[in-house]
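With chain A held as given, fit chain B onto it using these hints.
The lines below spell out each chain.
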Amino acid sequence: MNILASYSSIDPVSSQEFIDRIPSGYSNFVIPFVAGMLFILTYLLIGFIRVLHHVPWPDRKKFLISLITPVTIVKNIKDMVLDCLIHVKIWKRKPLLGYMHSSIAFGWFMLIVLGHIEVALFVPRHLGSISGGGLFYPIFYRFFVWVNPDHETMRGNLLFFLMDFFLLYVLSGIGLALFKRVKSIALGMKHTTKPSIPDRIGLYCLWLIFPLRLLAESFTADLSGGSFLTRPMNMMFKSFFGNSLNIMPTWWAYSIVLGIFFFVMPFTRYMHIVTEVLLIMFRNAGLKVRKPRKGFAEAEIYACSSCGLCIDACPMNVQRKNLKFSSVYFIRFLRRHNNKRINDIAQKCLMCGKCLALCPVGIDSPAIRQAQRATLMNSLPYDYGYLSSRPAMSGTYPKVMYFAGCMSHLSPGIIKSMRIILKSAGIDYVFADEDGGICCGRPLMLAGRNDAASEVMKANKEMIENSGCKVLVLTCPICYKVFKEEYDLKGIKIVHHTQLLDDLIARGRIKVSKDGRPIVYHDPCDLGRGSKIYEEPRRVLAAVGELKRASKERDESICCGGSLGSLSLDHKDRGAVTEGSVASLMSGGPEEIATACPLCLRTLGEKSPVPVKDIAQIVCEHLR
Amino acid sequence: MMDFGFTINKSSRIDLDRFDKAGFDKLAKIEPDVRKCIACGSCTASCSAGQFHRTSVRSAILSIQNAKENEAVELLKGCMLCGKCQMTCPRGINIRHLILSILKFYGTK
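Chains A and B are the protein sequences, given in the same order.
Quick note on numbering: this note's numbering labels position 183 of the first sequence as 326, and the sequence is numbered without any gaps.
Quick note on numbering: this note's numbering labels position 100 of the second sequence as 549, and the sequence is numbered without any gaps.
Excised from the complex, chain A in its bound form (with noise of 0.2 Å):
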């Protein structure tokens, strides 16, 4: 068809109104573009029906009650702000990397908002405008109006210059983009996600659509209008090729890349651009994962955006083999309903949360591991009878209980510094579990167990409120986290050790001894990332040592390979993981590992060329 035509055939513009923007009719071009925005939009209307459907009932209504509760609205504008356009998350990391996505993601949203802007601004009646009426928006703009030539004005000119300005930002987010591809370590990222078919389809188009729509809104510019970037192009065009008969193949080339963007977009990670949306307004709701693949669960797997940040973040990549272990394969085959990739990665992982710490989107996917596990896991046989015939806990008791669970129980140094530390401040406590007691609970909610779990957490339940305690101390940060978050004690503060000692040495409760000895310490998984105490420990050990700093630390803490999270990790590969996490702490040169979690002491132990100590038998070797 030609362009000239097509300009010709417009109507005069009426003269009752003064307008220096002459909008022109229809033209086929726009065909691919409209049925790929037709497809998309409903697949993604008939999406989130499901999705929502697939939401229980009292999780759905907390969902709406949000969409209407003043904070949470407030809370999902500024959540979609920060992480859909601007990307704080990847930024604060890695720069360039943020600079790369928030140049696309915003740069795009601004060509979007902007586009709008100009319709409504300078296209009259600008639904059914074109004499004859009919439903039309000119969405390309450029392409549809132009500059009247009689009524010439400066007027959009601002908008012009903004334009092209966002597309050259979006232009080199995409040049980096194509770099990343090369050279992925110079975006700050070892190792990228292997792309599926689909993936790369929607990736060769994301980079063709803004390329291709420079080229469009350059070969127009001329009557369109434009800026910096677009006019100079277009005398430089006009030189080249002396007509305007690339007006026509460039337009179609950048519809029929949006068409076909839109149509692979469902099959793609680039979901991920609606999803988060969706994410962010559920999980502000306060959702939580209750099944592996359906609800807020599919809400999260669409979310993910594949781009494998979480693959560097994974501690069991020190081998290479296990890269396929990580979280974003697992939710690439849980869209792909792989049963027995999903069960196999599912037990594998360590759940440090690391790969959650670190992703830009916030998916939980330990919570979904959990949740897939419970699938295979819940229906397993467990007798419990033997907890009802423990003696029971009757009598007077002082205020404070401590509890050292399992897993103190077999590094008994840790109990005997806390008796002595306990001591010296002259506090009178009761041993809830000096002879042995029973399990926290959690390593069974790890496993999927939630059922056994509940039954081993009333009767420890049963056992503290008789106690009439008010103050639960705990040397091990997997009691800590389930104490906290699932036994709902009321009335009963909840400490960890690290804790306590902070809080006993600021007060003067005890006094200890500082020597220069280089101490470095190691962030637990269940403490760190899971707790969120990070300052206290750190406190603590600067008050009897010289603090050194590992080369990974706080919420990048490397796991120590011990984890009671992981179900089918072998010793050997556990030792790989090991040995990743005492390199990260030796790289400041310590004399000494500090941790504060018993497991984490034995399997660090095991590879470290310099003592582990847990923090309270560093505190009690300083003992004044």
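Derived from the structure by calculation, the hints contain no laboratory data.
No false leads were slipped in.
Just the calculated beta-carbon pair ranges, DEER-fashion: (1) B:I487 to A:K559: 24 to 32 Å; (2) B:K558 to A:Y186: 40 to 48 Å; (3) A:D594 to B:I487: 30 to 38 Å; (4) A:Y186 to B:D469: 49 to 57 Å; (5) B:T557 to A:P199: 21 to 29 Å; (6) A:F410 to B:D469: 42 to 50 Å; (7) A:P661 to B:I487: 38 to 46 Å; (8) B:I487 to A:G556: 21 to 29 Å; (9) B:K558 to A:D713: 20 to 28 Å; (10) A:A329 to B:D469: 56 to 64 Å; (11) B:G454 to A:G556: 45 to 53 Å; (12) B:T557 to A:K333: 38 to 46 Å.
Think about it this way: if two alpha-carbon atoms lie no more than 20 Å apart in a straight line, the pair counts; the simulated SDA-like pairs of lysine to any residue are: (13) B:K470 to B:C486; (14) A:K491 to B:P481; (15) B:K475 to A:L519; (16) B:K553 to A:Y525; (17) B:K478 to A:S711.
Which chain B residues stay away from chain A? Per the calculated CB distances, all over 10 Å, these: (18) F453; (19) R462; (20) D466; (21) F468; (22) A488; (23) C489; (24) T493; (25) Q514.
Where a beta carbon is used, it is the ideal one built from N, C-alpha and C, also for glycine.
Relative to the frame of chain A, chain B by itself:
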């Protein structure tokens, strides 16, 4: 029955003809570590559940090999998966997974 002041123990006769080798091989495929056990008993000694109720991985493995699979399941039903056995195992056996595998393989039929 007349009370003699003593009872006769239940027969502990082992009938190896009834040993399900194919089944054991399948279990060993799910968790190969089952073949590593040297029956030292560290797991049983350290067991949290074992203080209250007879729970023993060592005995469970032997029970399976002696064609007493149901006994093995009974020995592991009280397990709380706390993982102490795994920490003390001198052979580095992935005991928690072994327990789950035995419960799944012989316990859910």
